[in-house]
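Q: So the numbering used here is basically just the index in the sequence shown, starting at one, shifted up by 505.
Be careful, since some hints might not be right.
[As the list claims (entries may be wrong)] Derived DSBU-like pairs: lysine-lysine, alpha-carbon spacing no greater than 35 Å straight-line:
#, residue 1, residue 2
1, 507, 531
2, 791, 712
3, 641, 791
4, 531, 641
5, 641, 783
6, 712, 641
Don't read these hints as lab results, they were simulated from the structure.
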Amino acid sequence: MKLLVTGAAGFCGMHVALRLLERNDKVIGIDSCNNYYAPSLKQARLGQLEPHPNFTFRGIDICDQGALNALFASGQFDRVVHLAAQPGVRYSLQNPGAYIQSNIVGFTNILEACRNYQVEHLVYASSSSVYGANTKVPFSEHDSADHPVSLYAATKKANELLAHSYSHLFGLPTTGLRYFTVYGPWGRPDMSPWLFTSAILEGRPIKVFNHGRMQRDFTFVDDIAKATVAVLDTIPTPDVSFDLQRPTPASSYAPFRVYNVGNERPVQLLHFIETLEKALGREAVKDFMPMQPGDIEVTRADVSALRTAVGFTPSTPIEVGIPQWVDWYREYHQR
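Input sequences plus hints: build the corresponding full structure.
A: Right, here's the structure in full:
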């Protein structure tokens with residue numbers, strides 16, 4: 506197939522593109538390579554992709570509707586994996602406009618292009634953050650997700666609603682994937698594994714929010730990529746059992762689906778830190794702090810729907826994933 510991967514220079518984007526290239530799909534990758542974090546890391550990720558003969562990169566911002574339409578007009582893409590977005594919960598408190606532009610305007614541009622150029626299937630990254638103030642765990646796609654606690658989460662929920670409207674109005678098959686706390690090689694510098702690792706190696710204190718009383722469903726990036734590709738191959742159809750009297754957010758009478766992608770095994774933050782300390786061979790200096798605005802205390806994914814749909818089962822516990830992360834970090838920084 507000929508596929509478009511947006512955000513190809515990003516953490517998840519690079520891993521998904523690699524998996525698609527390994528099975529000999531033709532992949533066009535786009536990314537704005539903005540300076541939210543070091544563009545040099547994004548260029549290094551592209552360096553993993555560009556030697557492949559089936560990969561082509563274009564420096565395009567999804568907010569540039571003209572450039573995006575020209576790309577779709579010439580590309581004739583079979584399917585699209587949309588992973589470009591403005592990430593980060595805390596940064597959304599400082600720069601909300603960046604989230605509206607990238608996650609709302611940019612996503613609408615992708616939807617319009619997919620509609621106008623007859624794309625077979627749009628798969629896009631949502632987030633576990635959409636569950637917001639929910640306290641029922643594990644989080645299920647059938648639960649309401651109408652109380653976001655960050656602007657980032659609100660934009661991701663808005664993506665799901667926009668996608669449904671296009672599935673309903675234009676018959677565009679769309680699938681949203683609610684990723685749960687992704688980590689692994691080539692990860693982002695603004696996420697806790699990188700922040701903790703760099704601080705521990707440099708002897709700086711790490712910030713442990715909510716005094717360590719946090720649980721996260723840490724999901725290894727290879728599992729994320731495996732699930733994303735499996736979903737891309739499974740084009741949604743209308744749910745014949747959908748009940749308009751008792752609607753569920755997980756499916757629809759339209760060709761629309763939403764799935765959790767997680768590890769199913771939430772980990773105490775302090776246990777995550779202990780596992781990281783063991784892999785690094787150093788102990789962290791911990792600065793215990795209160796809960797931060799926009800944070801969720803516990804995340805835990807119910808992935809039973811995804812298992813039924815595509816046979817996905819997460820296979821990487823943190824005891825396996827964290828050493829791989831540390832090995833990559835040391836190699837990348839030559840330390």
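Q: Of all the hints given earlier, name the ones this structure violates by number, lowest first.
A: Result: hint 4 breaks, nothing else.
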